[in-house]
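Read top to bottom, the protein sequences are chains V, X, W, P and L.
With our numbering applied, the first sequence corresponds to residues 1 to 298, in that order.
With our numbering applied, the second sequence corresponds to residues 299 to 539, in that order.
With our numbering applied, the third sequence corresponds to residues 540 to 805, in that order.
With our numbering applied, the fourth sequence corresponds to residues 806 to 1204, in that order.
With our numbering applied, the fifth sequence corresponds to residues 1205 to 1545, in that order.
It is possible that some hints are incorrect.
[Claimed, not checked] In silico DSS-like links for lysine-lysine, alpha-carbon gap of 27 Å or less:
id	chain 1	residue 1	chain 2	residue 2
1	X	K428	V	K188
2	P	K953	P	K1041
3	P	K838	P	K946
4	V	K188	X	K401
5	W	K642	L	K1415
6	P	K1049	L	K1537
7	X	K372	V	K188
8	P	K924	L	K1448
9	P	K946	P	K853
10	P	K1010	V	K140
11	V	K188	X	K406
12	W	K653	L	K1415
13	X	K428	W	K653
14	X	K401	X	K428
[Stated by the list, open to error] Take a look, some chain L residues computed to stay more than 12 Å from chain V by CB distance:
id	residue
15	A1224
16	C1228
17	L1237
[Said to hold, decoys possible] Stretch-level coverage of chain L by chain P, calculated; a stretch enters the list once three of its residues show a Cβ under 8 Å from a Cβ in chain P:
id	segment
18	1373–1381
19	1486–1494
20	1507–1521
Hint data in this document are derived by calculation from the structure and do not stem from the laboratory.
Please read these numbers as outputs of a predicted model, since none were measured by experiment.
Note that beta-carbon positions come from the ideal geometry of N, C-alpha and C, so glycine has one too.
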Amino acid sequence: MIDTLIQGTLLGGYYAVIACGLSFMFSVMRIINLAHGSLAIVAAYGLWLLADRFGISPFIGLLIVLPAMALVGWLLQRFVLERSARGNALLPILSTFGLSIIIDNLLFQQFGADTRSLAPFLGDLSYDSWELPGDIYVGKLSVMMIVAAIVILGGLQLFLSRFALGRAIRATAEDPDTAGLVGIDARKVNAVATAIAMVTVGIAGAFLAMRATFDPYSGGPQLLFAFEAAVIGGAGSLWGTLVGGIVLGLAQSLGAQLHPQGFLIGGHLVFLLVLFIRLFPLGTPFLGKISASLRSEA
Amino acid sequence: MSTLSIQELDVRHGLLQAVRGVSFQIDKGDVLALVGANGAGKTTLLRSIAGAHLPASGRILLGDRDLTQVPSHKRIAMGIALVPEGRRLFSQMTVEENLLLGKTSGRKGAWNIARVFDAFPNLVPRRHAKTGQLSGGEQQATAIGRALMSNPDVLLLDEVSLGLSPLVVDRVYEQLQTFLTSGTTIILVEQDLGRAMRVASRVICMLEGRIVLDAPAAAVSRDEVTQAYFGLHRADGGRAA
Amino acid sequence: MFRSVPNSFPITDDTTVQQIARQRPGDDFLSAKAIHKSFGALVVLDNVDFAMGVGDAVGIVGPNGAGKTTLLSVLAGAFPPNSGTIFLDGRNVTALTAADRCKSGLARTHQVPKPFGGMTVFENVYVAAAHGELVNRDESYGRVIDSLTLCGMLYVANRQADTLGLLDRKRLELARALATKPKLMLLDEIGGGLTDGEASELVETIRELRRRGIGIVWIEHIVHILLQVADRLICMDAGRIIADGDPKAVMRDEQVVKAYLGRSPA
Amino acid sequence: QSGDTIKVGFISPRTGPLAGFGQTDGYVLDLAKKALAEGFQSGGKSWKVEIIDQDTQSDPSRAGQLAKDLINNRNIDLMLVVSTPETINPVADACEAAGVPCLSTVMPWEAWYFGRGAKPGQPSPFKWTYHFGFGVGEFFKTYVSQWKLIETNRKVGVMYPNDADGNAIRANLAPLLAKEGFTIVDPGPYEDGTTDYSAQISLFKREGIEIFNSFPIPPDFAAFWRQAAQQGLTRKIKICQVAKTGLFPSDINALGKLGMNISSAAYWHKAFPYKSTLTGVSGTELADGYETASGKQWTQQLGASLALLDAGFEALKASTNVKDKAAVAKALSTLKTTTIAGKVDFTSGPVANVSPGPIIGTQWVKAASGSKFPLDYVVTENVTDPNVPVGAKLLPYNG
Amino acid sequence: MTYLSSGFSVERWTRSSRSAVFGCVIVLAVLALAPPLMGAGAVDRLTALFVYVILAVMWNALAGYGGLVSVGQQAFFGLGAYFTVRLADAGLNPFVSLLAAAFITAALSVPLSFFMLRLRGGEFAIGMWVISELVHLLVNLDQLIQGETGTSLISLNAYDSATRRAAIYWMALIAMAGLLGLLFVLLRSRAGAAIQAIRDNEDAATSVGVKVMATKRLLFVLAAFGVAVAGGLWLATATTFQPKTYFSIQWTAYMIFMVLVGGIGKFEGAILGAILFFVIETYFGSMGVWYLIGLGATAVLFSLYMPHGLWGAVERRFALRLLPIGYRLTLPKYLMDQHDR
Ligand SMILES: Nc1ncnc2c1ncn2[C@@H]1O[C@H](COP(=O)(O)OP(=O)(O)OP(=O)(O)O)[C@@H](O)[C@H]1O
Ligand SMILES: Nc1ncnc2c1ncn2[C@@H]1O[C@H](COP(=O)(O)OP(=O)(O)OP(=O)(O)O)[C@@H](O)[C@H]1O
Ligand SMILES: [Mg+2]
Ligand SMILES: [Mg+2]
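Kindly generate the complete structure, drawing on both the sequences and the hints.
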């Protein structure tokens, strides 16, 4: 049981990392980015290429790939999102959906369907673990991921609430025209925000590729978990995403304990449950309390 | 020296021409009351001065700088701040955050958070509330405070007293008096004519996008202005409806 | 412009007036008992009692944030009070939705206008006419035209509501509320920002509503407009009613002067 | 004109997530087209042959649409379809609906037969569609043979997903294995896309399994196996027998060190001693030819796709009238031939319309230094087709 | 045009819209007579087109008019197909099963709506996606379906291929025409106005007496029904039921593509989008990777350069309203004159 809780929490850390960039764009910039997974895979291929061709360790490779992702984000904003976000709110869904198809297939065109992974370039890290008393093993990579999640999400949350640029990002997301009236250069701020989001997407891609395998089409399947974590976390809160990821991870691990097919079902059910609890803030005293605690955590 | 000058400004909303050939200039430290009936084009004019809406033709000058094509976020850095109609607060952000956003341009001056809270003490207990949840009057106070935070040279106020209780309106006008003394130029859209004419040094009345009356406040009577609302008064410059 | 066009259209029927007349005098049409409302820790309505008869015109004033809009919303059913009961036409409606209350004759406007932005002005009002009370299509059309006429919006009837300015949006709020064929209208700051001429037209419109037997609750900061219509004035402060009664008396009330007006009206 | 041209449809996943299967098809089709360039003899007549190959883009809906297009607009005489239930079943159903003969391979035949609505014990509902290749019976024989090569406690942890392959195996394999004296530890079907396996791993650890068997998709297996390594499970495993993942070298390469010595089972291997009836090439020639042409390591799909063409054209050769669909279907139902991947025989299958084929025990081992590719794929047992020579001794996974 | 007393009139039809509806009827009639004259391939392709049109129109109704952006409509598509095989397996005639399946799915969507319709915006969108995944997993538990293995609607094999093809074609045509007609009538009714009002502002809608929940539910259930019909039809043409295929988010992605490219919130737009998608697929589908890249690029380009979709652009350019659902007020002459002065 304790093992399940620990593994579930660690899994939650992974989801939080994957969801981070998505949540940032979803809850702060109000863009549902369907290309999130595909972009993470782009970063993964970048790291893989550096490691496979030039023998650069993926961790060092991040120093090259993350700035490149920032640039991608900047370009993405300038040439795609900026225009499409100006129309109706659904257009970014269409453009990022189109983008994800383009990216996936270009990757296929370039790299073929072969399964890849960054793990072979990490030595034993991908499966090393620490042994805790009680025959419990915690994977080193999993611990790294949850620490990364805390640092990134916490850092971003702090950035958004305490720093002028962070506030400017939120203001621009809410009303770009009025942001201009208080002196914010909306285009620049949006480009910076997307660049930041893409850096976190790059990190997500790296972890995804270290943890399992990827191919040009593996961006999509992880997307739902990321959305679930982001939505459980609640709009406007990045800390919430961490909580959301962990709630999801725990629900899945516990679900799997109950029934082998309970893994996915458990996650989905808890996701829906959380949404409905949030709907009834004044419901029964018990539900009310749960929802209050969910809120305060978020 | 003239601070702000507007030359032959035309502004459109699609096919509709909301501002037609408007010209005037206003000197540093002046208070201009801009009046006119509903739909006369006042808001449109203020928004194009602030850069929120680019004019179809004409020029906007601040000192000798041509602002016509300058985007709104740069105009505020040059000292033009707008309190927009309908407040336009960032509803998901707190009062304090909204106020801090007003500081984005980084202009130095007397206004800071503490002073805004002094001016609108009713905001103090709500400083950490999201502005979307404020009462109408609290929102208006925040919007004014936000504009003041940028320490503007030219302050454009669009229906500031709308939704404010009389007590607060009084306080707003007191504040106007105090920063007038520091040399701020003000364009004021206000429907309470009596009030507007009391603080203003000049009155401009618009009708269907044109200026139909432009006179020193002391030189016209309230009745004359009211007549101008309906196009019964001809402006001296002859640019009549 | 607000332009009253009394009896200019045969489609305006008089049933409302007749219905109202049938009611026993002295009955409270709308009443609220011991209303309590808080948002989190913030108490916005603190044990408020309110009652009015049909055909009354009640003005509400009070400093910003006093809870006026909240009271209106609770009466209209936009959200439930934490405690307290609301009666409409003798029925306990506390648990009913805003839509149900609307069908029972209660209409409201919003302080921050909420137009149906993607629809035309005509369509906005038509929604209200067709759903406020079940009637056939031609009758709802008639009611739409009547409301648009009364609120001076005929010429913008085919404009998309998104493109309206603030004042037209407020008029649209009024027209929409009117089209539901209410017995009582709750108005929230529909007079702000009007020129003197426009304001007197609005007053004319409201008087016309009263002539039709429609009761009015009107929140407004421009007191002199309010005084031209209201036969009773309420002043709220910090979630409580601090004065209630004859408008002139309320305006002179010391507490009201101190909390709201800042100076004596004299 | 079309009067003397035979048209054959060939559908496979060439792009999209299943593209690993279709990767070698271009090469195989080229070989076939070359062999057919001179014309094709059937019923004492020489025919021109047009092979119309189509890519499903790994989309089952598209697979069905393509099949209809080939049937309705291109008037094909025979449909060949290969690789995975997502590709084969929709195409076979479209052919069954339209009355066009269809031959397929590379998926467990149980998933093909029962997964399309046939009921056990009842006569076959299919008149037009035929399938050859491995089934659960072959896996059973192969696994028993392979797992007896190394001394273990005979405790087998199994992870069968809730998909067509997994379900076909689960339903039939486990009981048979139990009869052979293996203890099966089955945590139950999991869904593809599961990302955490701690429940299963702790069960396996508790039960002390030494053999592990699974039918996972590659990303799931990578996640599972790394987690198993974290939890100390892999060190206890003597035989790690994986199907589906591990068909292709890239899957194993992506596992890094953990991929070494994973056992697999092959529906074709370049060591198969047969020659292609259509092209005449041998297994080694096929594999070497592909490596030269593409620069990539050979895969077992080469032989399977070619075997499909072999069998298809043998049926056409045997049919009394290639232009008569019923005659071609009849020829399929009585087809008996030996392709590059071994025997195909529809006269003696477990159910009508099916000819079971071999699956050979194999292992991925580190290649000798100096090889072109990092991994070598060796045959470790041959019970389902004794003609295939065993090339190496099975190494313990944790050895 | 409805004339009211005092010279006012409310216009709902225009000359062009009358001829458009007439044109639609003619096209439908021609399509109904076509199967004996067309090749089998064309009949099959047109059946696919009808299914696309149903999908696009239903999603447009939900998102474009009702503001309910769902990325989980595949739940109903899959359920429509699932219940069809389930009922057919139980011995019901496959065509009757198809219809019954759509009704069952619609019935299931009613309790679902009580929860889902309380969610807003992104939560509703993602929530629906999760619902569809959940439904998919639950369907997988059915012994008949055997997880992802699936099964086939083999009872259809009882019909010879020509009969079967034509029957499915007509069913699809009738379903499409019926659903389009139903939706058109609904949107032109007072419920239609209420639906749009809710999209624009829910609070204001309730305050004028619109029953928000009931109205949204009507739309939600109708969309579920329509999409379920589409799912059943697709199964009838494809025979194979593999849950993964039917519960794939790809279906919703196509709906979004068709609707946004065609013009969201426009009745004609969704139809046009479906036709465009169908044409692209038919003519470029065989280009493999480049077809998909092209499809993606089309989506991006439309979002950038034609934000109102094809029909939006046409409408702006030519001020054309073929299938109008709105209202136009015409003032009496004396009032117009007064205004012009
Ligand atoms: N976004 C818009 N789209 C189309 N027309 C607009 C838009 N905004 C304003 N208008 C029109 O432009 C004209 C001028 O409007 P503006 O808001 O500038 O007037 P105003 O004098 O500020 O009126 P008010 O007293 O109502 O604030 C009006 O006819 C108005 O309807
Ligand atoms: N949804 C909400 N959540 C939290 N606080 C709220 C909410 N709505 C209103 N409030 C707070 O309740 C108090 C009363 O608000 P209300 O809108 O009723 O005031 P009001 O009397 O209408 O004021 P005004 O004259 O400025 O419109 C205010 O302090 C406001 O900030
Ligand atoms: Mg204005
Ligand atoms: Mg208020």
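The hints, checked one at a time:
1. X:K428 x V:K188: Roughly 25 Å between the alpha carbons, so the hint for X:K428 and V:K188 holds.
2. P:K953 x P:K1041: Given that 27 Å is the threshold and the Cα spacing comes to 17 Å, the pair holds.
3. P:K838 x P:K946: violated (36 Å)
4. V:K188 x X:K401: Measuring from Cα to Cα gives roughly 17 Å; hence the hint holds.
5. W:K642 x L:K1415: Cα-Cα ~10 Å, so holds.
6. P:K1049 x L:K1537: violated (78 Å)
7. X:K372 x V:K188: holds (13 Å)
8. P:K924 x L:K1448: Roughly 22 Å separates the two Cα atoms, so the pair holds.
9. P:K946 x P:K853: violated (42 Å)
10. P:K1010 x V:K140: holds (20 Å)
11. V:K188 x X:K406: holds (23 Å)
12. W:K653 x L:K1415: Measuring from Cα to Cα gives roughly 17 Å; hence the hint holds.
13. X:K428 x W:K653: holds (19 Å)
14. X:K401 x X:K428: Holds, because 18 Å separates the two Cα atoms, which is no more than 27 Å.
15. A1224: Given a closest Cβ separation of 25 Å, the condition holds.
16. C1228: holds (27 Å)
17. L1237: Holds, because the least Cβ-Cβ distance between L:L1237 and chain V comes to about 37 Å, which exceeds 12 Å.
18. 1373–1381: With 0 residues close enough to chain P, the hint is violated.
19. 1486–1494: holds (count 4)
20. 1507–1521: That given contact is violated, which follows from only 0 residues of the segment 1507–1521 of chain L lying within Cβ reach (below 8 Å) of chain P.
Hints 3, 6, 9, 18 and 20 from the earlier list are contradicted by this structure; the remaining hints agree with it.
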